[in-house]
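> Whole structure, please, built from the sequences with the hints as guidance.
Protein chains in written order, with my numbering: chain A, 1 to 614; chain B, 1001 to 1497.
Think of the hints as simulated: they come from the structure by calculation, not from any bench. Every residue gets a Cβ at the ideal spot worked out from N, C-alpha and C, and that includes glycine. Warning: the hint list may mix true and false statements.
Using 35 angstroms as the maximum straight-line C-alpha spacing, the simulated DSBU-like pairs for lysine-lysine come out as follows [said to hold, decoys possible]:
id, chain 1, residue 1, chain 2, residue 2
1, B, Lys1434, A, Lys143
2, A, Lys143, B, Lys1433
3, B, Lys1440, A, Lys147
4, B, Lys1153, B, Lys1440
5, B, Lys1441, A, Lys143
6, B, Lys1441, A, Lys92
Chain A regions said to be covered by chain B (calculated; three or more residues, Cβ under 8 angstroms) [said to hold, decoys possible]:
id, region
7, 3 to 9
8, 14 to 21
9, 38 to 44
10, 132 to 142
11, 500 to 511
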Amino acid sequence: MIYILFSILLGGAILTFLANKISGLLRDTFFLLTMLGATLIFYTQLHIGGLVNFSIGSFNLEWGVNSFSWYFSLIVLGLGTLAAFYALSYMKGKENLGFFYFSFLISILSMLGIVMSHDLISFFIFWEMMTWSSYFMVIYSGKNVQKNGINYILFSAFGAYAMLTAIALVYANIHSLSIVEMISNYGQFSPALQTWIPILFLMAFSVKAAMMPLHVWAPGAYSDSPMAYTSVFSGALSKMGIYGMILIFVTMISHLPDDTWFREVFAWLGAITAIMGTLWAIAQDDARKLLAYSSVAQLGYIITGVAIGTDLAMLSALFLAALHALFKGTLFMAVGAVERQTGTVKFSEVTGLIRKMPWTFIASLLAIIALAGIPPLGGFVGKWMLYESLINSNHYILVIAIFFASTSAFLYCYKFLFGFFLGQEEKEWAHVKEAPALMVVPMLLMAGFLVILGTFPGILLKPADTAMQTLGFAPTEGHLWSMSVLFNAWGDQVLLRPLVYAIAGIFLFFLIILTVKGWKNTRYVTTKDISSSGEVPLEHENLTFSVNFYQPFLRAVGPVMKHRMITWYREFGAGMETIFDFTRRIYTGNGQTYAIYVMVFLVIILLLQNTIFG
Amino acid sequence: MVGSPVLFIAIPLLAAFLIPLLGFVWKESVRILPGLVLLYLLYLSLTLMEQVVHTGTIVEVIAGWAPPWGINLVFSPLTGLLTTLMILMGFIIWIYSYRFKNIDFQEAVKYFILLLMLITGSVGIVLTGDIFNQFVFIEITSISAYALTAFYKGRDSAEASFKYLMIGSLSSMFLLLAIALIYSQLGTLNMADIAAKAHLMKPEFKILALIFFITGLGIEAEIFPLNGWAPDAYAQAPGPIGAAFSGIVVKAGVYAMIRVMFTLFDVAGTHQFLIVIGIITLIIAEMSAVRQEHLKRMLAYSSIGQMGLVIVAFGIGTEEGVFAALFLMLNHAIIKSLLFLSGSYLVYHSTGKYISEVDGIARNLPITSFLFALGSIAIVGMPPFAGFWSKWSMLTAAAHSNLILIIGLVLSVSLIELVYYFRVLNRIYFFPKKKEVVVKKPTINALLAMGLLGLLILIIGFYPDSVTGYLHAASQSLLDKGKYIHDVLSTGQLLLP
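In structure tokens:
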């Protein structure tokens, strides 16, 4: 069945690409059928534990599904299918659609391949396929290709080569490429290898999960891809990094004699990523960039959870991973909807869309609530588990860091909602209409699922728990959670019901008060309608409230944000280019020089002959 | 037996002489004949290859003189593999350049004669079992290569050709010196015989001869710093000849060097030397490639870098290492030829061949651009294309020999390679097209040739087993020196009166 699944996706991708030449309708049909067919086969035909193997190039390749990979395929296929519907409408009328759909399907295929690979070589092949198919998406728009595109491919290749080195080392030592055998033989490696193999693997996975200091590619790549794909990019593709990290941490790091410092380092890197990502997200005026930085930050939490590695931390990481796919998928789609309807994604340009795009607003609102971790939506459950696991394992400073990041996240959440949807309505945007149903429905579906998850997190926690049992954790069902937050005690540490009711009550109270009080006094104004200080704004002056939003806050955190990783990389790159330019000049173009080189070479070798050929 | 190895030399030489004569009778025959010859040789080499892998090396004795005295041709799995590869490349280049110089009959005659001589010479270098005979073939190859470099008769191409000639004659000088040294010591020119008697040589003479060989053959194999001529020659020669240089001529040079180092002498330290010199070549060439402004020069530096990688892989010295090296050679021949062939259409009408002139050309040349992209992605070693498997076998070979540092270096250099190839790809696909650039649509036969190469990349990429069997046989045959000596010299015993 795995063969059929992969052939459907590969064949579908090629057919879609070819159909583009014939007619748009045919192409869309192929694309949708492929995606739906793959999802259908996955959920109905694939058995957990099923395994196929065959050999190629004298390597034995093995593909199969276990509960752990099933959990991640759930994210990929779920988000992928919804994004596919969304893409049909979002991409309508754009150029090179065959190319887009082809890359879309190939990247879905490669992500499924990654989680289903049971041997390192197919893991790597799928990993690279994922890289180049997503690279096609990054450069699809044709903007900044030399900068963001090259950044992305360079960092990805760096990670991939680190992984390739690790794989070659493993292969040289155990003469097998099976992941299971690598894990079972890990104990027999020399101490140096025991440290280096996980580090090399983690380098590859941190690049994809956009962890500091390897995150530099992420903001550009996320914001330059078409939004229909970015939801998958940030929601599912970055999770492949998390998938690999969990594998490495569970199977390798925990067997290291001194794994504590290793975990601490990664947990802190995750926390720093979260803080810095959040701060940079707050400073953005471009909604895509804001969400991109926010993605970096959110993955920081997940990395911290993975690195801590207790039962609860791992559970929260898995839960947050799926949740992040849901809410970030929704938000990127919402930005895409705004982009398509208004033509801009800058907060300082577009405001007051709430009446024009109410459904997009509701979806964004729910996703934002989940992202910020406000009860009663799913995000709260995940964040709560993370805090609890950090406190239980005595990481108090880390809790403060994560809490700081998570609280600061409110700022950009608010900026996102307020910037796009609230505020004065401008004449300029009077013509804007709600996005087509194909775009709105996937968003609403995911947002609805977030609401359900808030009340019944068990829907996701159960498969996450099964996944963890595959990795060798004890079943957490009995002692960590039970089915419903609202009707049961959450965990055994805190009673949630009063809290949830209290928050709901306060919310309702203020809602009623404000509505009643403001009903009569509401006056609709435009940005130019300023009656303070007698100052008359100029015609072209941008008076949207989003200009210099949070300036005092940013000034306060300015010193932290002064040093950017990317400047270091840029300087490094510029230095390298200078060296390259110098090297190029070795080849002077002068025949005499070349003849001299030959003679010098000969003389050097003659002089050193005893050293070289001794 | 279907045919004998001697046909690989005799038939194309004969054809080369016949071309101008037949041209008087029927002009089109000038173009058709080389193709027919190469097609037949391709068939011959494939059948012989199949036979050799199963039944063992064929040693062909010329004119009845037994091996230690006469000239012999050795068709072993290794030489057979390289011969097949060269003939295949030659055939594809013939398809590509079938309409080359369409108008000018005289030019076409010259072109096809020289191309055939180039292929014959390279095949001869690989097949011969006699060191002086090898020198002669190297000269044949070089002289046709000089002429082909200067084919366009421009100022730049004449200059490039002259540089090539100058360095090439240094190469011949050193080779002759080395051969003379060996002959003075051992009194034999047969490679197997030299290998068998190498221990009789005085060590200092042996090392001196080896150094002269390294210098002479290193020029042909384009190792740093002996490769100054290469970028100019690649850039100034016609497009298909650039492909022939990287797909055929360099391969012969590397083969000759490796044969000398692996079979002729057993001097300690050669493997380390190969690794060091290969790494230096690789790094310098790839670093120089990044800032190139000319497309073909960039490809030339990349080609040099790849040959450095091949030499490193040979330097690992284990069977896996040699396997990786041969795999790299095979893939490099296919992929780099594709890049040269498609690349020369991307900058067809341009005089400067600047990279900036390919901006946005994908809209006008979709298929050519696609094939160029396929080649670029394959050559940087992205799976699931051909380049990945060779890079992978190289890495595992290095890991097996505990050469971790080499893995690190090779992969860092690959990052550099990635940058400059993707920069060009981005230009082709995503930059606005320059108005003044005139686009030349590829002819049908050029498309066919490029498509064949692209197909090969995909076949090897998705089904590497199609070639690995031959590569394993070839690598075993290179490392089994005793068998080589035995095979060659025992044939002689049989024929002795």
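> Next step is simple, just say for each hint if it's right about the structure.
Going through the hints against the structure:
For the proposed pair Lys1434 of chain B and Lys143 of chain A, the alpha carbon gap of about 17 angstroms is at most 35 angstroms, so the pair holds. At most 35 angstroms may separate the alpha-carbon atoms for a hinted pair to count; Lys143 of chain A and Lys1433 of chain B meet this at roughly 15 angstroms. Of the supplied pair hints, the one linking Lys1440 of chain B and Lys147 of chain A holds, its CA atoms being roughly 30 angstroms apart against a limit of 35 angstroms. Between Lys1153 of chain B and Lys1440 of chain B the CA atoms are separated by roughly 22 angstroms; this keeps the pair inside 35 angstroms, and the hint holds.
Our distance criterion of 35 angstroms between C-alpha atoms is met by Lys1441 of chain B and Lys143 of chain A, whose separation comes to about 28 angstroms. Taking the CA atoms of Lys1441 of chain B and Lys92 of chain A, the gap is near 31 angstroms; set against the 35 angstroms cutoff, the hint holds. Proximity of the region 3 to 9 of chain A to chain B, defined as three or more residues with a beta carbon under 8 angstroms from a beta carbon of that chain, is not established by the 0 residues found. For the region 14 to 21 of chain A, the stated coverage by chain B is violated: 0 residues have a C-beta nearer than 8 angstroms to a C-beta of that chain, whereas at least 3 were required.
Chain B is given as covering the region 38 to 44 of chain A, and this is violated because 0 residues of the stretch bring a CB closer than 8 angstroms to a CB of that chain, at least three being needed. Only residues whose beta carbon comes within less than 8 angstroms of a beta carbon in chain B count, and the region 132 to 142 of chain A has 3; three or more means the coverage holds. For a cut-off of 8 angstroms, the count of residues in the region 500 to 511 of chain A with a CB near a CB of chain B stands at 0, and the three-residue condition is violated.
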